[in-house]
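Student: So you can see what is in the structure, the chains are spelled out below.
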Amino acid sequence: MKKVFAAALGILTAIGGFVDIGDLVTNAVVGSRFGMSLVWVVVVGVVGICLFASMAGRVTAVSGRATFEIIRERLGPRAAGANLVASFAINLLTLTAEIGGIALALHLASSVEPRLWIPVAGLAVWLVLWRVKFQIMENVAGLMGLLLVGFAVALFLLGPDWGELLRQAVPPSPPGTEHPASYWYYAVALFGAAMTPYEVFFFSSGAVEERWTAKDLSTNRVNVLVGFPLGGLLSVAIAACAAVVLLPAGIEVSSLSQIVLPVAQAGGVLLLALVIVGIVAATFGAALETALSSGYTVAQYLGWSWGKFRRPARAARFHLTMIVALLLGVGILMTSVDPIAVTEMSVVFSAVALPLTYVPILVVANDPEYMGEHVNGRVVNALGTVYLVIVVVAAVAAIPLMIATGAGS
Amino acid sequence: MNVGDLLDARVLGPDGVPLGVVVDVRLALETRDEPDDGPGGREDREDREDSEDRKDSEHDAALSSRARRDAVGGAVVLGLLVGPRRAGSYHGYERTQVRSPWPVPQIVRRLHRGTYLVRWQDVAAVDDGAAAGAGGWSVRLAPGYAELPPELG
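Keeping their order, the protein sequence lines are chains A and B.
Quick note: to get my numbering, add 457 to the position in the first sequence (first position is 1).
Quick note: to get my numbering, add 1253 to the position in the second sequence (first position is 1).
What the hints contain is simulated information worked out from the structure, not anything from laboratory work.
Where a beta carbon is used, it is the ideal one built from N, C-alpha and C, also for glycine.
Hints are supplied without guarantee of correctness; some may be wrong.
Incomplete in silico selection of chain B near chain A, CB under 10 angstroms [stated by the list, open to error]:
1) T1284
2) G1345
3) V1357
4) A1384
5) S1391
6) V1392
7) P1396
In silico negatives: residues of chain B with every beta carbon more than 12 angstroms from chain A [to be verified]:
8) G1257
9) A1328
10) G1388
Computed list of chain B residues with no C-beta within reach of chain A, every gap over 12 angstroms [unchecked claim]:
11) L1260
12) R1352
13) Y1398
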C-alpha cells in the first residue's frame, strides 16, 4: 500500500511539475494564433523530455554523478566552462520568467501591482530553498500544480467542436493568415518550452538529493513515462482553451489575464481561483527548480559541496550562488521588463542551449565505464540519435528564425 | 613542467621531422584499498552531534562508498597520444570501441584518424620552447619508437 502511494505521489508530482511559465505562455500564445496546428510539437517535446530525463536519472543513479559533473569530466575545463556560462545565463533567464510568473499570478488574485509582488516572490522562493526539505518542497509544489487541470475542465465546459480541433491538429494546418516562418519560430519555442534544459539538471541532481541507486530505476521510469505525458496533456488543454476562445475573437495573448480568460468564461470565479492557485504553485515550483539548478550547475562544475540534503552552512557557496541568481532575477524584473516577453525569450534560448546538456548525457549513457550493464539499449539509442538531430536543428534554427520573424510578431 | 603543458605540444621524429601534436596523455593510476579521505574527512565527521548532520554524513558516506572503486594513489605517465592535427579533445573515444550514439563517436574518430600511442620511454626530450624561434612546447621521440594502437587492452 505504501509502495502504491509512493508511486502515485511520484507520478502526480511529475504531472504537476511539468507545466511552468514557459509552457503556460507559449501554449496559450500558440493556441490563440495557430489553433491546434502545433500540437505535434508538444508530442515531440514530451517524448524528448521523457527520453532525456529518464536517461539523466539513470546515469546519476548508476554512476553517482550529476549532469554538470559529467559535462565537466567529459568536455574538460574550457569547453565545459563555456557550456556553464551559456547554461547559467539561460537558466537565469528562465528563473527570471518564473519569478515574474509568480508575481503576475498573485497580481491577478489580488490586483496589487506585479512589481510589488516581485520582491515578495523572490524572498518566498529563497526562504523555501533555505528552510524546506527537498521532498516536501517538491511534493507540495507538484501536487498544487495539479490544479492546472482546471484548464482541461474549462475546455470540456466550453463544449468545443472536437472535430474541428482535431482537424486543426492532424494534419497540422496553420491558419492561412500566418507566415510559415512564424509557424516554425513558434514550433521551436514550444519545443524549447517542453524540453527546458533545467529539467535535466534538476532531475539528475534531484536523484542525488533523493539518494537514488540502481534499484530506483524502475520507479524513475514510471514517474517520467506516466507523469510527463499527462503533464503534456495539460499543455495541450491550455493551447486548446486559447484555440477555442481567443483565436476566433482575434485576441493575441500578451498577458496572463488573457491566458486565463477561457477558464473564467467557462468555469466562473471558482474555477478561475483554482487555476490561479495552480499557476502560482507551478511557477513557484519551477522557480525553486531553476534556482536550485543555478546552484547545482556552478557547484558541480567547480567541485563545491552542494545539495539540499546538506545544511546550508555545509554547502555555503551553493546557497550563495542561488541567492545571487535570485537577486539577479528580481533585479531584471524590477527594471519593469514584461515578464511575458522574458518568458518568450527564455523558451527560445532554451532551445538554443539544448544540445549543450543533451549531447553529454547521451554520450555518457553509452559509456560502459560509467554505466556498466545499464548502458542505453538499442531502442533508446535510436530515439536518442533522432532527438540529437532534432535538438541540433532546433538550436541552429532558433536565432535565425527569431531575427527573420522579429520574434514571431 | 605540468603535464598539461604537453597537450597540443608539437611532436618531432628522431630526425626532427614534424609528426603531429600531443592529443592526450595516457596515465595509469595505482589502486588502493582505503579511500583517501584527506583533511576534513572521516575524523571531521565524527564530532558532529546534530541528528540532521548525522544524516548528512550518512549520505556523504554513501556517496563516497559508491566512489570507492575510484579510490586511487599516485598517477604514472604511460605515454602520449599523438595525432596528425589539432582536432580538440578525443573525448575518451580512443580508449574503447564504443560506437553509439551515432554519429558522435564516428565524427570524433574521423577527426582524429591516424592517432597512435607512444610509450613515455620512447620520448627522448621535451623542450619548453623558451629557446629563440622554437614556438611553444615540443616533444622529440627517440629513434626506434613504436606507434601503438591507442585502445586499452
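Student: For each hint, tell me whether it holds in the structure or not.
Tutor: Consistency of the hints with the structure:
1. T1284: violated (15 angstroms)
2. G1345: holds (7 angstroms)
3. V1357: OK, holds: V1357 of chain B within 10 angstroms of chain A, min 6 angstroms.
4. A1384: At 28 angstroms from the nearest chain A Cβ, A1384 of chain B fails the 10 angstroms test, so the hint is violated.
5. S1391: Where the cut-off is 10 angstroms and the nearest Cβ of chain A is about 22 angstroms from S1391 of chain B, the hint is violated.
6. V1392: violated (20 angstroms)
7. P1396: With Cβ-Cβ at 33 angstroms, over 10 angstroms, it is violated.
8. G1257: The assertion about G1257 of chain B is violated, with a minimum of 10 angstroms to chain A.
9. A1328: holds (16 angstroms)
10. G1388: holds (21 angstroms)
11. L1260: violated (10 angstroms)
12. R1352: violated (9 angstroms)
13. Y1398: Fine: 27 angstroms to the nearest Cβ keeps Y1398 of chain B off the interface.
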